[in-house]
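J.: Sequence:
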Amino acid sequence: MHLRILAAISVAGALLSGCASDGEVGNIFQRKTTWTDFVSGGDIKAACVPGAANRYRAVYNANRADQVRIYDVATNAGGGVLRTRVLEHAISQNSTIWPLEKNTLLDPSDNSTPLPVADVAQIEKLFATDGLAAPAPVGRRLFSGSYFWLVSGCVNGQFHFNAWEYPDDSFKGLNFPNMLFARDDDPVKIVFPRGDERITELNLRDVNFERSGFNHYDFIVQSDGVSMGASYRNRDKF
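Numbers -22 to -1, 1 to 216, taken from mature numbering (1 follows the signal peptide of the UniProt record, and there is no 0), label the letters of the sequence shown in order.
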């Protein structure tokens, strides 16, 4: 697959990052305008004040043309709730001005599971020891065809954000994914990284014909989230 930068990068970027998220992604048109804020945990940050309950969002991008898995952990006095959402074939098709998703009429799968106090404590511990509160790799470019985690959280009234990309050692050393995956009952199988190199727009190889016309883009890591970078399209289709 050969990709090239879109001529209307600023327009595509604005569509994907222009509005504040309310934490929901079921409406495809709303998703287009709030996606960047959503994966940055913008709604969590907005509600993160002293005394607020701890909340977390872990977004696993597994080549966005394959799937994006979203794990929200909300704590409460009795433990908490794990909400799992999965977007399959989530990357937008070729369209410079208004990208439509392949499964336009389908909502992401959405399941919630109660968590006992012990599980919540362990998940919070793993987020902490894996470095959620450490400085994010500001300026890092994350290609949507690669594999990475974006995690945001409100912890004791303080907002934190971090990002990890495969095949970095920091990604391979993460412990929280296994705990989330073990509690993920969604029928859509988890897609794990393939190969041993960092995927960019220059070396993406996707042999699935159904995905060959899908656009990709970059996220740029900021201290408290991500911003939209360049957008790319398949040269073979234009």
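To be clear, the hints were calculated from the coordinates, so they are not data collected in a lab.
The C-beta atom is built at its ideal place from N, Cα and C for all residues, glycine as well.
Among the clues, some could well be false.
Claimed, not checked - Restraint-style ranges between C-beta atoms, simulated for each label pair:
#, residue 1, residue 2, range
1, I198, V95, 32 to 42 Å
2, A111, S205, 32 to 42 Å
3, N54, G4, 17 to 27 Å
4, A30, P165, 31 to 41 Å
5, L180, P115, 15 to 25 Å
6, A30, D164, 41 to 51 Å
7, S148, G29, 11 to 21 Å
8, G109, F159, 10 to 20 Å
9, S90, A24, 35 to 45 Å
10, G117, P94, 38 to 48 Å
J.: Please write out, lowest number first, the hints stated earlier that are contradicted by the structure.
T.: Hints 2, 6, 7, 9 not satisfied by this model.
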